[in-house]
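Could you put together the complete structure from these sequences and hints?
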Amino acid sequence: MRVVLLALFAALLLLPAEREGQAIFEGKGKCLTCHSINQKGGGLGPDLGMVAVTRTPHALRLALTDPNSEIYPEYFTLVLTTRRGERIEGIALNEDDLSIQLRDRSGAPRSFLKSDLREWHREERSLMPSYASTLSPTELDNLLTYLATLRGAVPPRASRTREIARVSETLGWLTRADRDADERPETLLDALALTNGMTVADIGAGLGYHTWRLARRVAPSGKVVAVDVQQAMLDQVAAELKRRGTANVELVLGTQHDPRLPAASFDLIFVANSYHEFADPPAMLAAIHRALRPNGRLVIIEYAKEARGVPVSQLHKMSLEDLRSEIEPAGFRLERILDFLPIHHGLILSPIR
Amino acid sequence: MKRALTFLTAVSLCAQGLPVTYERIRNAAREPGNWLTYSATYDSWRFSPLNQITTANVGRLRVKWLFQARSEEKFETTPLVVDGIMYLTRPENDIYALDAVTGRTLWTYSHRNPERTFNCCGKVNRGLAILGGKLFMNTLDMHVVAVDAKSGRELWKTKMFDYTAAGGYAASGAPLVVKDKVIVGMAGGERGVSGFLDAYDAETGKHIWRFHTIPQPGEPNFGTWAGDSWKTGGAATWNNGSYDPELNLVYWGTSNPWPDYNGDFRKGDNLYSCSVLALDADSGKLKWYYQFTPHDLHDWDATQIPVLFNDVYAGKQRKLMAWPNRNGFYYLLDRVTGEFLKAKAFVRQTWVKGFDSKGRPEVIPGNEPTEEGNDKVFPGVDGAANWMSPSYSPLTKLLYVFAREERRIFTKNAVRHPTTAADEGDFNRAGPTVRRRTPRFAPEESWGKVSAIDPLTGDAKWEHKVVSPPWGGVMATAGGLVFGGTLEGVVFALDARTGRRLWHFMGNDRVYSAPISFLANGKQLVSLPVGDVLITFGLD
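Chain order of the listed sequences is A and B. Read in this note's numbering, the first sequence has 73 at position 73, and its numbers run on one by one without any break. Whatever position you read off the second sequence (first residue = 1), add 353 for this note's numbering.
Take the hints with a grain of salt, since some may be wrong.
[Said to hold, decoys possible] Within a straight-line C-alpha distance of at most 27 Å, the following computed BS3-like cross-link-like pairs (lysine-lysine) qualify:
#1 B:620 x B:706
#2 A:242 x B:620
#3 B:814 x A:114
#4 B:669 x B:814
#5 A:114 x B:818
#6 B:729 x B:750
Think of the hints as simulated: they come from the structure by calculation, not from any bench. Because the structure is a prediction, the values reported are computed rather than measured.
What follows is the structure in structure tokens.
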């Protein structure tokens with residue numbers, strides 16, 4: 001009973017367009033056949049409980065009107081034809097030399113021996129239908145308005161229990177050969193839509209792995225302020241920038257409590273693999289908040305504690321819950337989760353005034 | 354059946370337990386019931402002369418016993434078997450002696466490594482060597498250990514090198530016993546080490562010789578590295594080698610030069626990285642070398658197992674060496690002189706247009722790693738072959754190679770001086786890195802195959818395709834079969850003449866080793882690690 005009342009209350013909080021959209025989601029659109037929201041619904045497609053932060057509005061509209069335009073390989077359609085002529089479509093679950101497993105359109109996991117199949121292949125298309133013609137433009141807008149509300153629950157400010165890692169001094173890890181495959185730096189910066197003229201801060205610049213890439217993206221009239229608490233690291237950044245001929249970077253020696261950034265000056269503050277080493281996270285977040293322009297964004301990249309087999313000690317990883325419960329209550333709103341990063345959490349947040 | 358009986362008689366005559374003398378290892382093919390050295394015999398055929406299990410009855414093969422390693426690490430061991438007792442390693446550096454009939458444990462030995470070791474790709478070990486009554490094992494912290502094969506007691510332990518030097522050294526391969534010596538390699542090609550191959554006295558553990566795989570000042574070929582790059586050039590020796598007793602030559606492959614994907618600091622051919630070395634077994638002196646990949650930029654180690662065979666080539670009976678290399682080419686060399694005879698691609702490759710008469714590849718530009726990542730290169734970074742064992746059957750005269758067909762991304766990075774100082778990220782990758790979302794290529798560009806290669810021509814007689822690029826090796830048998838296992842854990846027996854799969858078992862976990870075969874109570878068994886379980890198969 002209480003649950004029903006809560007649901008009713010939640011529904012009343014929604015604006016009319018959102019309520020209309022939710023009705024389409026649960027009714028005419030039959031979205032719950034394949035998708036779930038907070039574990040309620042079908043299991044063929046991904047859970048959409050946080051889709052507003054994992055997809056841009058543009059990508060969501062595209063996914064509804066042209067589902068095949070952007071599709072991750074794990075959602076390619078697997079098509080099997082049995083020897084008896086039955087055709088089955090689904091999403092691949094597993095495969096070996098003798099058998100193949102998929103989740104069929106009903107969401108049921110099924111296994112086939114390849115010897116019982118006439119043919120099987122993958123198609124670069126989604127099992128999701130296009131809603132371009134089945135929904136009216138208004139219905140589509142309402143559905144998108146509803147989807148834009150699905151941000152997951154803002155976690156309560158938790159008393160921080162994680163141990164803070166000491167500041168790293170090693171270079172070996174920062175120059176390892178497979179770092180690009182782990183961090184996908186160019187794809188990451190693509191998603192940040194940096195443009196010429198922006199002012200960016202790179203806090204915890206390390207060896208400047210991201211610094212020169214950021215600088216290249218905001219050149220020629222923009223600049224990057226690279227902050228680190230170790231002069232030795234800044235020297236390394238300087239050497240790297242010199243080697244690459246990058247000029248639009250300023251180096252700033254910060255402290256454990258203050259990145260020493262001017263107020264209301266930055267379009268983007270970039271913190272990669274270093275938030276977990278902040279000795280005083282509230283002070284740093286407050287300073288970052290002050291330093292951002294009103295439309296500025298904070299980007300946090302951290303090794304995901306949840307991903308198995310990430311080759312980093314626990315102290316240098318963070319869970320999504322850790323990050324959200326520390327950062328959002330400090331006056332930030334989660335705008336996007338960059339879920340294409342293989343073993344990192346990537347968060348884009350905006351300051352709330 | 355008559356042949357099987359002949360073998361049984363031969364075996365019962367030879368069933369002498371310990372000690373395992375050098376003469377016995379040299380003539381290991383005469384003891385088909387045992388598995389006395391990593392690749393079965395010094396010529397590294399990984400061929401079992403046992404023929405109880407045949408193309409006709411393999412369909413009835415079933416599981417006889419399991420050894421549960423209870424380890425998260427990749428299980429890469431090749432066990433040894435001596436007259437009813439199996440000796441194997443489990444990660445990190447434990448030795449188990451098992452009853453080969455039942456799999457029951459007889460004794461165990463543990464070498465404890467420091468928590469942080471500097472292995473590139475898991476805290477793995479690939480197996481043991483035996484001589485007399487002693488088992489020999491390399492350790493991740495760069496020791497060689499001798500253990501009493503009866504009791505499991507440690508007899509000696511010799512430090513090979515400081516495991517924390519440069520970016521970190523480790524030893525993960527199986528040793529090779531030659532005469533009275535234990536020959537051991539080391540790893541660290543990803544960590545700016547300086548490679549070597551060592552020989553120790555099997556009796557005492559005393560160091561006998563060291564061959565530096567990177568020429569030292571004053572030695573021939575010293576000038577093949579720009580500046581000081583030779584000091585951190587890698588060229589590790591992390592797999593096993595082969596031995597020709599008549600020539601008294603040890604053959605051993607070397608790893609990539611360091612830094613792996615950036616050659617700017619190490620201009621030159623970078624000898625003897627990515628090479629095969631022929632060393633005098635007594636002195637460790639270099640007799641000849643051949644470099645498969647001069648100035649490698651793709652981590653294409655030449656740490657494959659050298660397969661030695663004799664045959665008529667170009668009208669002459671010759672001592673030959675067959676080498677399916679990580680760089681995508683199958684090579685045929687004269688193993689007396691190191692003369693290059695032939696190279697032929699056995700997977701899709703994009704980097705070579707031909708070879709000169711000395712066997713130097715003519716490299717096609719555009720295959721170099723780039724800062725943005727070059728994804729147009731075949732084979733991939735894990736190569737066409739890697740460390741997993743090939744097998745040669747004297748019955749079919751074919752070389753069986755479990756090959757990888759794939760495309761990956763090669764990224765050139767900035768490079769700093771290698772160090773093992775205070776860690777940030779933990780280099781120790783316990784188990785595979787599970788990526789939540791990685792760029793994946795179409796399955797059509799990433800798969801595996803067992804290729805039956807005519808070693809004289811390099812032509813594939815047949816190919817047996819599997820879903821994923823493999824990490825396991827293969828073993829041919831006198832029963833006309835080729836055994837192996839896939840990354841998905843499909844253990845298979847193929848018809849050695851046609852490649853047709855005659856039997857399989859769903860092991861459902863990664864295979865990171867090659868099979869062995871032996872006799873227990875007079876019955877032929879086949880063992881292969883699947884996941885963290887060593888599965889032993891046999892007929893009823």
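- Violated hints - listed by number, lowest first: 6
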